[in-house]
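Peer 1: What follows is the residue order along each chain.
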Amino acid sequence: MRNQLMLGLLLLAAASTQAAAQTTIKINGYAGQDPAIVGDLINRFVKPALAKDKINVTYEPLQGDYNQQLTTLLAAGNAGDVFYLPAETLDGFVATGKILPLNGVVQTGPYIKSLNTAFTRGGKVYAIAKDFNTLAVEYNKDLFDEAKVPYPSNTDTWTSLQTKLTNVKKALGNDYSGICLAPDYARMGQFAFAAGWKPFDSKGKTNLLDPAFVRAFNYFTGLAKNKVGIQPSEISQDWSGGCLGTGKVAVAIEGNWIVGFLKDNAPNLKYGSALIPKDDKTGKRGNFVYTVGWAINAGTKNKAAATKVLNILTSPQVQQYVLEQGLAIPSRTSLSNNAFLKKTDAGAANSKAIFDGAADGVVRPYYFGTQGPDWIKPINTALAAVLSGQKSSADALKQAQAEMNTFQNR
Amino acid sequence: MTAVPSQRFINAGKNEQWLARRRWARAGWLYLFMIVMSFFFLGPFLMGLLSSLKDNPNEYPPRLIIPQITGQYISKAYSLGVQGGSDGWNGGLKPGRSVAFDVTVASPKDAPQTAPSIILFPYQPTSLVALARQAQAKDYTQLKTEPTGQIGDERSYHVTVTYPLLTRHTGDVISAKLGVPGSDLTAILPGGQTVDVTLDTPEAQAKQYDLNETQLVELVRSGEASNAKYYLRGPVFERTPLEVDVQRGQRIVSSTLPPSDKQNFDRSFAYRNITPGVLGYTFNNYRRAFTETTDPRTGSSLFLRWVLNTFLYAFLRVTAAIVFCSLAGYALARLSFPGKNLIFLLGVLFVQMVPSQVNLVSNYVLLKQLGLLNLWGLWFNGLVAAGGVFLMKQFFEGMPRELEESASIDGAGPFTTFWRVMLPQAGPALIALSITQFQGAWNDFFWPLVLLRNQINFVLTVGLSNFRSAYGGQGDYGLILAGAVLSAIPVIIVFVIFQRYFVDTGADSAVKG
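Sequences listed follow chains A and B, in order. FYI, the numbering for the first sequence is 716 to 1125, going by my numbering. FYI, the numbering for the second sequence is 31 to 543, going by my numbering.
There could be a bad hint or two in this list.
Among chain A residues calculated to face chain B with C-beta under 8 angstroms, some are [as the list claims (entries may be wrong)]:
id, residue
1, G747
2, P750
3, G779
4, Q783
5, D857
6, I950
7, D979
With a straight-line cut-off of 27 angstroms between C-alpha atoms, the simulated DSS-like cross-links for lysine-lysine are [as the list claims (entries may be wrong)]:
id, chain 1, residue 1, chain 2, residue 2
8, B, K292, B, K174
9, A, K885, B, K292
10, A, K856, A, K1023
11, B, K292, A, K963
12, A, K1057, B, K168
13, A, K1058, B, K237
Hints were generated in silico from the structure; no laboratory data involved. Here the structure is a predicted model, which means the values were calculated and not measured. Each residue gets a CB set at the ideal place from its N, CA and C atoms; glycine is no exception.
Throw the hints in and build the complete structure from the sequences for me.
Peer 2: Here it is, written out as structure tokens:
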């Protein structure tokens, strides 16, 4: 009975698609601003190009925790034909076998190499970078002017930046701070990379007692000394971009996402961007590269159409449009000389610092290893404990390493 | 035995006083308790309501008296709205109008004596808006600053924003929206008619490629109705953002409206909109919730759609609960049939003990195969509320049997008894059921989140979580709070109206003797 019903429904469905002879490609991605952005791209670029092929494209945002939602949809067989795939959780999805390897399907040559690497496992490329972000030093020009301290620059080292921040704090007093420090591996790890720390050794284990990591950890938490650095929660904010927006904090280490936030919430803030400072000892910078890729569902019924859509969404025209609208940093190397990156307004200057950050020093993807996002928890706990003065750095790291061992032996 | 009452009579007067005091004390405690409780329950709502009116809802320390609820500034917002957009409620800046704004700056002797630098800046919040760039007032207007007087070291300046017309033609002025750009500009008139727009001045022609689809504009119609020509008078701006900067040592003393943002040690003031109108000033976030969450494909308001979806869902849930729960409840309470207790145990009690998350996967797969991943699937999933059946069963069991007996003497069958005699008596229970079901449907988040995929199908709760995801978790709190307050209002209204029906039933007076 049920089979008959299903058969009937299937026939009906088949008949209706035949009548329209239209393929629909469904895209899953983030909620928030993305529906407007991707909707705009679909209307502007994808639909005109695919109108003659009778391919219709819809965007369905996933609310809440994206990775969780995408896992559910993939398991239910209901995920989009094309979807966002965050590089940091790639392994889990690859293991399900639901991601189509793109070797031979899409040309990966034109994209920045480190971004392709972030999406490659065992010689197979699973996604094409949609865009990317790195970290940069964002500073409030007014505060540095008032304190008569030179702005952070691309030649700064750890110590010279720390001196500048201390001087700003000294000159401006209690109501102002040098830097906002979120207790988050995503804002501290770049210093450890610069010092020469590798997140995973050859056996896939993490060593938080590595002298390089300890040095970076102590530098980051040491910035909080004498209230030069504060945590966002101390001034009723939930991230360091919010701190910068209040006009009471001189520096925040954030990515390109801060530009839109400041434009809306602190429109008259004058800010600048500089590269992450170099480690005095190694003379190198470190940075994270955060990237989200376009992937194709291995179970799609319309592989050819999905590939076409993916190729349009990563085409030079789309990436140039996205860059010039100030939405994201393109993943194609050919756009590095785009006129937009040479403009002098704060947003464009920020894009330039972010773009350059990807190719300067030790740049690693924001990546949790094969065991998923819980990997960063011991590090974040240690950062929070030390920043709030509950533990000494040595104690906190010792406990973090113990927790990390338990986690990695699970 | 007798001694005690006599003692009591002697102290009667004192006792009276003491009892009266006790009564008052009890009333006092009760009121205090109720005030404290209502503070706890209503406090967050009122604080959210207040914060939703602010430019920066996250401000710390939070202020209780804000300009948005101060009569003086509301009336100024109204008059600025009239100046800019000839509409004191909606404000805006329309072609051909000019706006006056006053700023006073204190320049002590040792400070620079220069005039403040005053500019217009582009401002269009990005979150959740269809991305079409709206025209910015700064590209179309002229700004003039003139000193108007000096008292002590405080100088006043009069800022005039003038918006010249882009056409030399005169005629009927029509509001319209720009259509899909082609080789020429086209506009969609209020009637839905699409017309070509003529740009007759060099100033207008210079802007041809800056104007995007969905931009609101004013046109001038000239000529006969059959072959009328439409000339661009200019785009209509929702906001006129102004920034005032002074030098070190100077201080901004006052301005027509208080600033929305202060930077640079209070030497830089930004006014996100100097032509707000009352809605744009006090209820800015509420207006944004409706106007800035538009579906890019159709241009209709998503928030409105979510509100309607939620009402539809709540209505469907309540209707289904009233029909099915009262029928099932009555059957379980009064009819006798084999397996009744088993049905009650399994279908009502056991179902309530199983958390809904347990059914998640099976129900989801079932609904997916039925093609019901939408509002109707959501309704189907919660069609019969086990809790509601239980409530109705208990209620019908409490009704006197005599009612049914007299009905059956008059020749009524089970359905007629139910429909004509029992159900009309069940008003309070049905209202209690309706309120809980309405509230449950209105606040339902888990299943809508799982089932609804397309933005236009969302209910409010899922839509509000959409507001939160802007900036990768750094929410636009003004919008979130405005949306949350709007979504709380219907539940409060329903409760306030219907709570008195909770109390009484006429059934106890139906049985004599």
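Peer 1: Next, verify each hint and record whether it holds.
Peer 2: Verification of the supplied hints:
| no. | hint | in the structure |
| --- | --- | --- |
| 1 | G747 | holds, 4 angstroms |
| 2 | P750 | holds, 6 angstroms |
| 3 | G779 | holds, 6 angstroms |
| 4 | Q783 | violated, 11 angstroms |
| 5 | D857 | holds, 4 angstroms |
| 6 | I950 | holds, 7 angstroms |
| 7 | D979 | holds, 5 angstroms |
| 8 | B:K292 <-> B:K174 | holds, 22 angstroms |
| 9 | A:K885 <-> B:K292 | holds, 22 angstroms |
| 10 | A:K856 <-> A:K1023 | violated, 45 angstroms |
| 11 | B:K292 <-> A:K963 | holds, 11 angstroms |
| 12 | A:K1057 <-> B:K168 | holds, 23 angstroms |
| 13 | A:K1058 <-> B:K237 | holds, 22 angstroms |
Consistency with the previously given hints fails for numbers 4, 10, ordered from lowest to highest.
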